[in-house]
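S.K.: Chain by chain, the residues run as shown.
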Amino acid sequence: MALLEVQNIHTYYGKIHALKGISLDVDEGEIVTLIGGNGAGKTTTLNTICGITPASEGTIILGGKNITRMRPHAIVAMGVGQSPEGRKIFTRLTVRENLEMGAYARNDAAKIAKDMEFVFETFPRLKEREQQLGGTLSGGEQQMLAIGRALMGQPRIMLLDEPSMGLAPLLVRDIFHIIEYLNKEQGTTILLVEQNAHMALAIASRGYVLQTGNIILTDSARHLQENEMVRKAYLGEN
Amino acid sequence: MVSQEANALRRSEPFIERLQRFGKSMLRSPITLVGTIIIAVIIVQALSNILQGEYDFELFVKQLMVGLAQGSIYALVALGYTLVYGILFMINFAHGEVFMAGTYIGFFAIDAMNKTGFLEQHTLLSLLIVFLVAIVSSVLVAVTLERIAYRPLRNAPRLVPLITAIGASTFLQRAFVGLFGSSPRVYPNVHFYILPQVFHLECNAVDGVETCLGMDLVSGRYPLQFLGIEILFRPFYLVVFLAAIAMMATLWYIVRRTKTGKAMRAVAEDKATASLMGINVDSVIVTTFVLGAALAGAAGVLFALYNRQVVPTMGFAPGLKAFTAAVLGGIGNIPGAAVGGFFLGIVEAVAPSLLNIPNQLENVIAFGMLVLVLIFRPSGILGEVLTEKKA
Numbered sequence: 001m002a003l004l005e006v007q008n009i010h011t012y013y014g015k016i017h018a019l020k021g022i023s024l025d026v027d028e029g030e031i032v033t034l035i036g037g038n039g040a041g042k043t044t045t046l047n048t049i050c051g052i053t054p055a056s057e058g059t060i061i062l063g064g065k066n067i068t069r070m071r072p073h074a075i076v077a078m079g080v081g082q083s084p085e086g087r088k089i090f091t092r093l094t095v096r097e098n099l100e101m102g103a104y105a106r107n108d109a110a111k112i113a114k115d116m117e118f119v120f121e122t123f124p125r126l127k128e129r130e131q132q133l134g135g136t137l138s139g140g141e142q143q144m145l146a147i148g149r150a151l152m153g154q155p156r157i158m159l160l161d162e163p164s165m166g167l168a169p170l171l172v173r174d175i176f177h178i179i180e181y182l183n184k185e186q187g188t189t190i191l192l193v194e195q196n197a198h199m200a201l202a203i204a205s206r207g208y209v210l211q212t213g214n215i216i217l218t219d220s221a222r223h224l225q226e227n228e229m230v231r232k233a234y235l236g237e238n
Numbered sequence: 001m002v003s004q005e006a007n008a009l010r011r012s013e014p015f016i017e018r019l020q021r022f023g024k025s026m027l028r029s030p031i032t033l034v035g036t037i038i039i040a041v042i043i044v045q046a047l048s049n050i051l052q053g054e055y056d057f058e059l060f061v062k063q064l065m066v067g068l069a070q071g072s073i074y075a076l077v078a079l080g081y082t083l084v085y086g087i088l089f090m091i092n093f094a095h096g097e098v099f100m101a102g103t104y105i106g107f108f109a110i111d112a113m114n115k116t117g118f119l120e121q122h123t124l125l126s127l128l129i130v131f132l133v134a135i136v137s138s139v140l141v142a143v144t145l146e147r148i149a150y151r152p153l154r155n156a157p158r159l160v161p162l163i164t165a166i167g168a169s170t171f172l173q174r175a176f177v178g179l180f181g182s183s184p185r186v187y188p189n190v191h192f193y194i195l196p197q198v199f200h201l202e203c204n205a206v207d208g209v210e211t212c213l214g215m216d217l218v219s220g221r222y223p224l225q226f227l228g229i230e231i232l233f234r235p236f237y238l239v240v241f242l243a244a245i246a247m248m249a250t251l252w253y254i255v256r257r258t259k260t261g262k263a264m265r266a267v268a269e270d271k272a273t274a275s276l277m278g279i280n281v282d283s284v285i286v287t288t289f290v291l292g293a294a295l296a297g298a299a300g301v302l303f304a305l306y307n308r309q310v311v312p313t314m315g316f317a318p319g320l321k322a323f324t325a326a327v328l329g330g331i332g333n334i335p336g337a338a339v340g341g342f343f344l345g346i347v348e349a350v351a352p353s354l355l356n357i358p359n360q361l362e363n364v365i366a367f368g369m370l371v372l373v374l375i376f377r378p379s380g381i382l383g384e385v386l387t388e389k390k391a
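Chain order of the listed sequences is A and B. Just so it is clear: in the first sequence, position 101 is 101 by our numbering, and no numbers are missing. Just so it is clear: in the second sequence, position 157 is 157 by our numbering, and no numbers are missing.
Don't read these hints as lab results, they were simulated from the structure. Note that the Cβ used here is the ideal one computed from N, Cα and C, for glycine as well. Be aware that one or more of the hints could be misleading.
To be verified - Calculated cross-link-like contacts (lysine-lysine; reagent style DSSO-like; alpha-carbon spacing at most 27 Å): (1) K259(B) <-> K111(A); (2) K20(A) <-> K65(A); (3) K88(A) <-> K271(B); (4) K271(B) <-> K259(B); (5) K15(A) <-> K271(B); (6) K127(A) <-> K259(B); (7) K271(B) <-> K65(A).
To be verified - Residues from chain B shown here face chain A by an in silico Cβ test under 8 Å; the list is partial: (8) K262; (9) R265; (10) E269; (11) N280.
Start from the sequences and build out the full structure, keeping to the hints where you can.
M.R.: See below:
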């Protein structure tokens, strides 16, 4: 049984029908990627899983439990961590406080301290800036903080929304190395949303292609990389 | 960054050029010009009064003490406005009534204890009970308000909860008038004596043996000489000031250091992202209302212990002035509310006789000052700190 099962969800923004029956699943220990153009519904899919834009139809099941109607903070407590689009760092909280917020739903102080150490080991830059306000970090550092903050919740599944957005190519490679490391060495299950389909498919095991609120294609990452349509539309090849 | 460079540039400018630029900016904005003229008139008036000997140091010290006590009350209530504004970007205009509700219901507690003699026998315990009753009452009113009047409107345009708040304010005021009548009720005269061994005060000689009760912290007034002046010192003003400082320090600690306080700051910045951290946004907002209401309830009892009279309309003026204080200090900014409160309290106490204007005009002073501060510093006294942090 899959860790996360999304079955036929529909989500509306006011009158806009943003998700028109999305179904996907993510197995324990996988990296699954959602690719697609602007406005395809990638971010809405993640926000619907997290309960921020609740689904009006369909079901979302995490580890066998139905979380469709739960409120965001309860869903997070169930083990869903998100590094949101645009990073959404708390600019007026210090780096350390941002990470503490990531662990808000937890009560095991000793384990939290250990995880904090782990985040600082993974991202030494954050350790250097521990007492700085989040708003003073560079884009790359903010992305590291957003991922670190999501990790602090010890999620069973981590939703990463556009971790490459606005970053220099070298930094993008670093961030993807870290995502791969978290998956391979730490066993973190990851649902990755990316416009940079090239990078995403390189580290994912499977992928879904979204277009205007529908899944139009799903396959193993390798097959998607070789797919004619995907190459044209999302990998920028002719 | 840009503003820092501009500041550095400004600092290196010679004085004359800065003056010229100030002059130019005044010509461009007539309001600044009017404000400057008013401030100049105030300074001249104050100086002439001081030089003519109509205002002296003794009077100043007396008024400063009253001003600090009154300012403490404004500051404590102002914190409630600023906390809620900081997290919901809404002015809770019913906060003055939250202050009133605690004070008014506290009256029933202290009155009952006074009538049974419990207040006289166990003064400290009675006072603690009154504070507890007032704080709990204020908190209940505030939490109910949030649940019924504000939460359903959280995603409405910002004007809507503002109007609801004004409605809630009138509703609470009228409800108390309806329930308890509009005639004033009077807090009993509380005597709380401390340290008879140290302070040989309130002494009675019976058969040649003198027994002293000590210093009456609440109602006592004692002549005190220092620096060549003599004033009638009221210890309670100092108590109010110190209590306010202690409460503000506690609030500061909660907001800066505790998990709940950090969650409050996270929610203030971004509610959706805060919920992604597993923070229950609703309960954090309730906590914010609870903190503000607790401060207002405590401030209410302090206020009633020296002002004595309580009426259902008593929340209006202090509420409006505390709101003024919060704006003066920079709304949303916690130290700002404290600074604004003390500033307003002191100016209100000092200004009438310093400027030789009738006492009845103290409200004119309070709100006139608000206008002046907003002309010169639209973001409030400490407002700039906030914007720098935001940037």
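S.K.: Does the structure break any of the earlier hints, and which numbers would those be?
M.R.: Hint check: nothing fails, all pass.
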